[in-house]
Amino acid sequence: MRISVLVMDDLFDSGLATVLDVLQMANELREELPHPPPRWELTRVSGQGAVRTASGHVIEAQAVEDAPRPDLLVVPGAGPQQPAPLLEWVAAPERGPEREAVRRARADGVPLAAACTSTFLLAEAGVLDGLAATTSW
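Numbering of the sequence shown is given in my numbering, commencing with residue 145 and proceeding in unit increments.
None of these hints come from the bench; they were simulated from the model.
Some hints could be false.
[As the list claims (entries may be wrong)] Derived DEER-like restraints, expressed as beta-carbon distance ranges:
#, residue 1, residue 2, range
1, Ala170, Ala277, 33 to 39 Å
2, Glu172, Pro229, 34 to 40 Å
3, Gly274, Glu172, 35 to 41 Å
Glycine included, every Cβ here is placed at the ideal spot set by N, Cα and C.
Input sequences plus hints: build the corresponding full structure.
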């Protein structure tokens, strides 16, 4: 299974680490199963190349359009924590490439998963219109 993790500026460092750690741990523990499934292939993708996390770490990423089509697109938590700044953040022109990546994945039939505040990015991209959605935030 190919999993693309969409990274963007202001990404929560812990949100990215949690997603990557859980998926990498599952890859390692799969050998404990009598009939292990194939390994998950993880790719960090972004709309603009390398990104800077909320804590200032630089994360290298492959351009969404250059990456192989994923079987799942995961968007770790990102952006401000307060409601008004969060709504401004997801609607900002700088988030355009990420919103477009989410829309394109949805149009291609790729399942989407988002953590925490990134569910608002999915909503702003329009992929949740008319659908029920749950957020932990």
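- Item | List of violated hint numbers, smallest to largest | 1
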